[in-house]
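Colleague: Based on these hints, arrange chain B on the given structure of chain A.
Top to bottom, those sequences are chains A and B.
So that you can map any letter, position 82 of the first sequence is 82 in my numbering, and since no number is skipped, the others follow by simple counting.
Position in the second sequence (from 1) plus 111 gives the number in my numbering.
None of these hints come from the bench; they were simulated from the model.
Keep in mind it's a predicted model, so treat the numbers as computed, not measured.
Watch out, some of these pointers could steer you wrong.
[Said to hold, decoys possible] Pulled a few chain A residues facing chain B out of the computed Cβ check, cut under 7 Å:
#, residue
1, Pro39
2, His42
3, Phe45
4, Gln48
5, Ser52
6, Trp93
7, Ala94
8, Asn97
9, Lys98
10, Gly104
[Unchecked claim] Taking lysine-lysine pairs in the DSS-like style, the calculated list, with each CA pair at most 27 Å apart, reads:
#, chain 1, residue 1, chain 2, residue 2
11, B, Lys149, A, Lys98
12, B, Lys147, A, Lys98
13, B, Lys151, A, Lys110
14, A, Lys36, B, Lys151
15, B, Lys133, B, Lys120
16, A, Lys98, B, Lys164
17, A, Lys36, B, Lys129
18, A, Lys70, B, Lys152
19, B, Lys120, A, Lys98
From the three backbone atoms N, C-alpha and C, an ideal C-beta is built for every residue, glycine too.
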Amino acid sequence: GQQVMQIPQYQHVQEGEDFTTYCNSSTTLSNIQWYKQRPGGHPVFLIQLVKSGEVKKQKRLTFQFGEAKKNSSLHITATQTTDVGTYFCAGQWAAGNKLTFGGGTRVLVKP
Amino acid sequence: DTEVTQTPKHLVMGMTNKKSLKCEQHMGHRAMYWYKQKAKKPPELMFVYSYEKLSINESVPSRFSPECPNSSLLNLHLHALQPEDSALYLCASRQTSSTYEQYFGPGTRLTVT
Chain A
1 GQQVMQIPQY QHVQEGEDFT TYCNSSTTLS NIQWYKQRPG GHPVFLIQLV
51 KSGEVKKQKR LTFQFGEAKK NSSLHITATQ TTDVGTYFCA GQWAAGNKLT
101 FGGGTRVLVK P
Chain B
112 DTEVTQTPKH LVMGMTNKKS LKCEQHMGHR AMYWYKQKAK KPPELMFVYS
162 YEKLSINESV PSRFSPECPN SSLLNLHLHA LQPEDSALYL CASRQTSSTY
212 EQYFGPGTRL TVT
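Next comes chain A alone, as it looks inside the complex (with noise of 0.2 Å):
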């Protein structure tokens, strides 16, 4: 079945260091979704890119969308403590209901 890579799958990070997760299909996504899941928590919605090329910011948080469609990055400046989490990319391939989630990349911030 079709699936989204993501590397790294663990990150730690120093307070006020950034870090990039990735993410990667083989094939040409329709759109990507990017979550973040606090520990104990459910996954929260940050992001949707759509169009070749996408670049969205908030705040700290820089995504971007390939321009084939195929990879996206979530770049973190500055780490806070509050960024502890794991980050999730989800891509569709076909607009509609259908979500598949990436491994995940599990941040761990020292201070």
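Modeller: Chain B alone, transformed into the frame defined by chain A:
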């Protein structure tokens, strides 16, 4: 109201028990989902209902039986589960328009003994 609610929060059941999980939303969303999430893994799609009709069943064993009584409610009936079915069961909903984002409930933590 942008909330999806799920009951119960925790459930412990034996392998011979029958129980149900409940999910509710009042956002007017017409697509509703059940996901299963094991520890340190991503949510795994189980079922999708669109306009109260089952549209996707990801080859889920028949011991899980979904039901959508109306556009606001989604149930998951459980019967003869196995210990490996222990997981967090998440409900989500989505507006069936040009927006794609899914709203997740807090989940039901299920333990099968």
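Colleague: Hints first: check each against the structure and report whether it holds.
Modeller: Results of checking the hints against the structure:
Hint on Pro39 of chain A is violated. Least Cβ distance to chain B is approximately 11 Å, over the 7 Å limit. Taken as an interface hint, His42 of chain A checks out: its beta carbon lies about 4 Å from the nearest beta carbon of chain B, inside 7 Å. Annotation: Phe45 of chain A was flagged as interfacial toward chain B, and the flag holds, the nearest CB pair being 4 Å apart, inside 7 Å. Hint status for Gln48 of chain A relative to chain B: holds, with the closest Cβ pair at about 5 Å, below 7 Å.
The criterion of a C-beta within 7 Å of any C-beta in chain B is not met by Ser52 of chain A, whose closest approach is roughly 16 Å, and the hint is violated. For Trp93 of chain A, the interface hint is violated, the least distance from its beta-carbon to any beta-carbon of chain B being 12 Å, above 7 Å. With a cut of 7 Å, the hint placing Ala94 of chain A at the interface with chain B is violated, because the nearest CB-to-CB distance is about 11 Å. Using the Cβ-Cβ criterion of 7 Å, the hint placing Asn97 of chain A at the interface with chain B is satisfied: the shortest such distance is roughly 5 Å.
Restraint check, Lys98 of chain A versus chain B: the minimum CB separation of about 6 Å is within 7 Å; hint holds. For Gly104 of chain A, the shortest C-beta to C-beta distance to chain B is roughly 5 Å, which falls under 7 Å, so the interface hint holds. For the suggested pair Lys149 of chain B and Lys98 of chain A, the alpha carbons sit about 19 Å apart, so the restraint of at most 27 Å is met. For a cut-off of 27 Å, the pair hint linking Lys147 of chain B to Lys98 of chain A stands: about 14 Å separates their Cα positions.
Proposed proximity of Lys151 of chain B and Lys110 of chain A is supported: the alpha carbons are some 20 Å apart, at most 27 Å. At roughly 13 Å between alpha-carbon atoms, Lys36 of chain A and Lys151 of chain B fall within 27 Å of each other, so this suggested pair holds. Between Lys133 of chain B and Lys120 of chain B the CA atoms are separated by roughly 10 Å; this keeps the pair inside 27 Å, and the hint holds. Restraint check: the Cα-Cα separation between Lys98 of chain A and Lys164 of chain B comes to about 15 Å, which is no more than 27 Å; the hinted pair holds.
Of the supplied pair hints, the one linking Lys36 of chain A and Lys129 of chain B is violated, its CA atoms being roughly 33 Å apart against a limit of 27 Å. For the hint pairing Lys70 of chain A with Lys152 of chain B, the CA-to-CA distance comes to about 22 Å; that is within 27 Å, so the pair holds. With a C-alpha separation of about 25 Å, the suggested pairing of Lys120 of chain B with Lys98 of chain A holds against the 27 Å cut-off.
In this structure, the hints that do not hold are numbers 1, 5, 6, 7, 17, in rising order.
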